[in-house]
Amino acid sequence: MTDAFLVGAGQSGYGAFPEESYRSLFRTAFDATTESVPKGLMASEIDEAFVGTLGVGGRQLGLSGPAVTEHVGLDGVPCTRVENACAASGFAVRQAVQAVKSGMADVVLAGGFEVMSDMSSDATKYWLGVSGETEWERLSGTTFAGVYAQMASAHMERYDTTRKQLSRVAVKNHANGAKNPHAQLGFECSLDEAQSAPTVAEPLNLYHCCPTSDGAACALIVSEDVVDEYTDDPIRVAGVGAGSDSVGLFQRDSYVGVPASERAAEAAYDMAGLTPEDLDFAEVHDCFAIAELLAYEDLHFCEKGEAGALVESGATALDGDLPVNTSGGLKSKGHPIGATGAGQVVEAFKQLSGEAGERQVENPVRGLTHNVGGSGGAAVVHIFEKETAVSA
Amino acid sequence: MTAITAAGAYAPRFRISAEAFEEAWGQFQAAGVSEKAVPAADEDALTMGYEAASRALEAADLDGEDVSWLGFGTATPPLENEDLTARLGAMLALPNGATRQLFTGSTRAGTRALWAGMDAIEADGGLALVVAADAPRGKPDDAIDHAAGAGAAAFVLERDGPARIVDRAEYATPYPGTRFRNAGDRETEGLGITQYDRRAFTETIGGAVAGLEIDPAPEAAAVQAPDGKLPYRAAGTAGVGTDEIRACATVHDLGNLGAASVPVSLARAIAAGHDSILGVSHGSGAGADAIVVESAGDVPANTALKDGDALTYAEYLRQRGVVTSGPPSGGGAYVSVPSWRRSLPQRYRLEAGRCPDCGAFAFPPEGICDDCGAREGYEPIDLPGEGTIEAVTTISQGGAPPEFAEQQAKSGDYAAAIVALDVDAGDETVSVPVMGTDAAPAAFSVGDRVETTTRRIYTQEGVTRYGFKIRPS
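These protein sequences, in sequence, are chains A and B.
Counting from 1, position 195 in the first sequence corresponds to residue 195 in the working numbering; the numbering is continuous, with no gaps.
To convert a position in the second sequence, counted from 1, into the working numbering, add 392.
I should point out that these hints are in silico values taken from the structure, not numbers from a laboratory.
Heads up, the beta-carbon is just placed ideally off N, CA and C, and yes, glycines get one too.
A few of these clues could be false.
Unchecked claim - Taking beta-carbon pairs under 7 Å as the criterion, some of the chain A residues facing chain B (in silico):
#, residue
1, Asp122
2, Glu137
3, Thr142
So here's chain B without its partners, still in its complex pose (with noise of 0.2 Å):
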């Protein structure tokens, strides 16, 4: 048996709503949807994956030391050709001897991952950490891209817990057309045949619900959710009514998470205290993942799904990366991968260095001590990322160096500070240079508190380099 003992939630800070759509362009075409969850030009399916995945485990009291099993489910890796499971281990501090599996190829790979995980625990025991993030886009005319909404989930898995995984069941058969991207495409689409789209969603749907030995009658159904009506046609067929549905649906308030849509429902649903819950995936392929949940208690759960900011269509076009025109030419800053990755215990973890012996801290913990000129080099210290703003700007437009014109033509004037990050004993700080992130630059001001995350930096020969930056406590 494996049971959730704790689960994560995020969305990104940005919203657009049905209204903004419908004034660019005379029509909404994603129906049931109100507004929706944007990614914000510095995230993608690895950086929510990261906020969900932290959530969780902070919510667990646990950390990632503590987890042997990662699944890391997404329908939009940024890269298709290299496990993002390396980094993002890395980025939650796992042990590098953790297993590390990659669930993609539709919009079922999250509960993919979710099965995988339930197959670790049952095999082996131990500790599963299973994140589901997406980030879908279409073409900008299509329904697809009008119901397309970012987030991401997160549960952690054991042998024993509140919330019992009682039972689950699969169907596939083949529908191809309903919803894919060919290889190099960055827009995923569909052919529109509306009857056999529905047909494709509610037959996988309805198989795998039928395929459960127990008959399940849930106070909430995480349903797959492409827009906002699908998941209340299918209700039939998955046995439930729509209040059901209704009751921890993230498509009306985020959009089509993708892989992320059960996954976070599922999150909500256990948030908010429901003792018997239903979750039922559907990828196109076309197939379908069920599982019942059963909750004798309260599962920790940390969500982050609250709306933020709006957006008008104009400024989701350039938050989306739809109408900027890439990099520079002109170069930028040149640190090698090989640089880059010698800094990543700082850049994902904010490992810091003690001297061993005047015990003053460094950030990056190299060269000599300042304080007392020893060279033995530093003890290790993970700093535990929150901190005091000391000097602050805002970078306006055209003032970012060439690496960051990009993602300041999408995004806007950021601000660029020094920020005291606390050490856990003491009163002690180091001080880092870091981006802010999640807030209007003008949100960060001499003395406020401050806390890290882990974000998009910059992308340069191809490879994107992920660090933390801050945001407001």
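Just chain A, same shape as in the assembly (with noise of 0.2 Å):
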């Protein structure tokens, strides 16, 4: 079976965007990653496309794929739309490696975007609620926001976690988006302004949560066997995994973690034959404070219960053991739904490449990503390794 690489990935910035379309904002992306590749790529040398979109305001529904592509130039290149809510786009990261390795193609652009802030308040809450459990989950109250809040408070009662320790996600987070240019929140905050903040879903305050954006990011997986023509340095996808779960936390065995994270993040490293402490950097899916803690634990960088003691010591901040989300993650980011997944592979790439300019981590060699759709109902997990190290 031939290795996949990653030759190329870009982003549109994060943020909102009213001059702008789902379309073109997906060209700025998909121009932004052919020119990422160190030596050029060609539209007409792509075989085939998966596109990650929640579809969120329903301005294309079905056949949002070919929607983008075909604006893009991609004439007749089969294109398939990927759904699996907030990680529609790292699964079609997953995809376009499972393309390449199948061998049916060499030269794989997997993407992914969302326009969230064109519409009313009312009618975000009501998309933003569309991949919780509907029947049962979403009818006892609860949008997305205060199904992660039963998770924190579990996770609080259960390990002592405090709230405290969340707002440290958020102070991090920000520190870091504040070096991104294309992150949406890109200012630094306070831990008292992360303390302060009004509440959202108790213990969450509106710093515990990731804005609502509009985006779109691209990534170009292509095989062994054509990798040279596109780069020198090339970046292996040494892990995927994947897992999946009940859509409703309540149907869960765990409520103070992500099992299909978990899973995910297992099949990642037996596929890499890594362990976490070979990480340089992490991308995890900080859709909520909570949700960066359980993926300190899920990802396995620190045991069960300790993710509240391993963000105070500042192991994850950007000068620490383990970076996580030098972009800025979710919180300060971003969070264009279907874009999502595939903006953490733009940063894995760009720090990697050593292209992450004020937030470059020293000399990385291996970077994780971890996108969860939903509250856990789907994650993926991806690793990438440089085959020769970069000095930045």
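Hints are included, so try docking the two chains, each in its own frame, into the full complex.
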């Protein structure tokens, strides 16, 4: 079986862009992606495309994949839309890796997009909840803030995790996002601010919640046979893992973790032959502050119950042992649902290419991306490994 | 002969005082009412009727399946065209073949249901459940609204029992305009012709009592109470003293309970152990019903009429939806009505499933068994409705899904929890997501014990969906 390689990735800015359409945002991401390929890449060389989007707003629910790939000139290229809620384009990247590894394609585009800012707040709330379990979970009065807040309540009860530790996630990710020109909320925040914001769903306050965002992101995955045509410093997709679970939190075995994340991570580590100690950075799914803490545990960065202490120790800060969410994460960089997974790969590509600017991790060799759908109905993990070390 | 063999009563937890009205309006127009009960945003005559009925059945140590006849009386049905007894019967787990009758049209509807229940018992025997619930409302600046309370009562009737209904009589004569609500209106109004209204009240009440064969000398008199003064004005024509009326009055602390006025007073008199009780209702139109209850022993009763949380007048307007703007545009979670109906055994009765292969429990009972993978389907098992909170949050203002935005505007923050519901046998539980009610959200914490009740969940496409919520045990 051939190896798969990441040769390019790029994104639009994340934020609110009233002058942009979902197609123009996708085009910005696509152009940035082809331009990022060290030796260049023509649209005509792409064999296949996978595009992730939830379809927020219902603007193009059917055939939303071809609606953007045809717009950027991938005429006739087979395109499949992938829907796994907030993990849509993480799974699109996984589809691209599978297509390459199967030998059916040599050059595959994986991307995603979402436009969330052009609706009334009521309509937004409707769309934000559509990936929760509808008949029971949502009709108990929750959207995702509520469901993640329930997880936080259980984690705090079991492990004495504190609100302050939740706020430290926000402080850290804003510090990183302030160094990312693509970030939606690219400003620093103090621990005081992150502790005193208005409550959204007890114990989560506004600083414990990611924003709603417009944006698009893409990545290019190629086969071993052609990788040399695109780069001299290949980044290998060393590990891929994915998992699913019941859509409703109440139907799961654990409320203090995301079992699908744990399954995905174990599969990815296993395939890569690596352990968390081998990682130089990670982009994890911090839609809510508690989600980043759960990710530390599910991805085995620490033991169960120790995530609060881990963030408090500074180990996951930009200058820590394992920097997490150097991009700013969903919290500061933004969370355009369908674009988020591919956007995490963009950060991995930049870090491993030494192109991460002020937030560059020193000489990274291996990075992990972790993308969760809903409250854990689906999760996907990728591990990228640079074949030669970069000097930053 | 018919006897009352159990009684239940319920009033919502919210109260507003006469002083709160005075502060808002400069005066309070409901003489003799010191405070009154206010239904929460997720309550209506149907949910209050369920509360009283489930208490009456519990007091009688009966299940819904024992009931052969159900009567429901209310002057404020949440729907004008749809028989609510089908839903009420399902919430109480009555047999589908049980006779059901709905009574509405005036504040006499509660005693009309009692009448029909007595007729059914006298004709066919069996076990009748009579439910009366009401939540009147008027224009905010009208005396009718100032007096409007909320409450419900329910009685189990059988041929024999400790509290026999030994006599009854009725009387009707036309008095248009005293208290009416035209089709399509939400608020009840009256012309307010003081002497005319009083005559309609006293003539019908006097007429009904005069029609009794026995001359009642009750310890307690449950007299219709549109406000705190009128029942006492009728004392003379009803042949009772004011002390007897006061003995089981509900209007002073709960307000005008409309069709539930006499039933709740009757339940209160029964619960207090009074041996002889006169009940006299009045409904606009006008008409009156009089009954005489003679009790030879204690009647099991479960009444929940204690006062709860005080509302300001502004909060009162919010809870009643007077100052909220209705559901937002932009849609909500779509669960089709047929899908909702399929889940009614779970929503109304907490019907879980037991795997026939490994014995594991599932809620809702669908999909393959999580424990052993069996595909045979589940044996139904009703849960007792008690459990422990496993995870909980408080949804702050603005954080609710759109389908709950209007409820949140009315009643504020609410708790949303995952609860491990007890299964009767052993230590096993099933987990369900559920909204908190009947208490402030801070009253729900991980590890707390809770019980279920039935409330309005949300309304979509004009159809209100009812289901279970939790409250502190």
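Each hint tested on the structure:
Against a cut-off of 7 Å between C-beta atoms, the interface hint on Asp122 (chain A) holds, since the closest Cβ of chain B lies about 4 Å away. The closest approach between the C-beta of Glu137 (chain A) and any C-beta of chain B is roughly 5 Å, which is under the 7 Å cut-off, so the hint is satisfied. Hint on Thr142 (chain A) holds. Least Cβ distance to chain B is approximately 5 Å, under the 7 Å limit.
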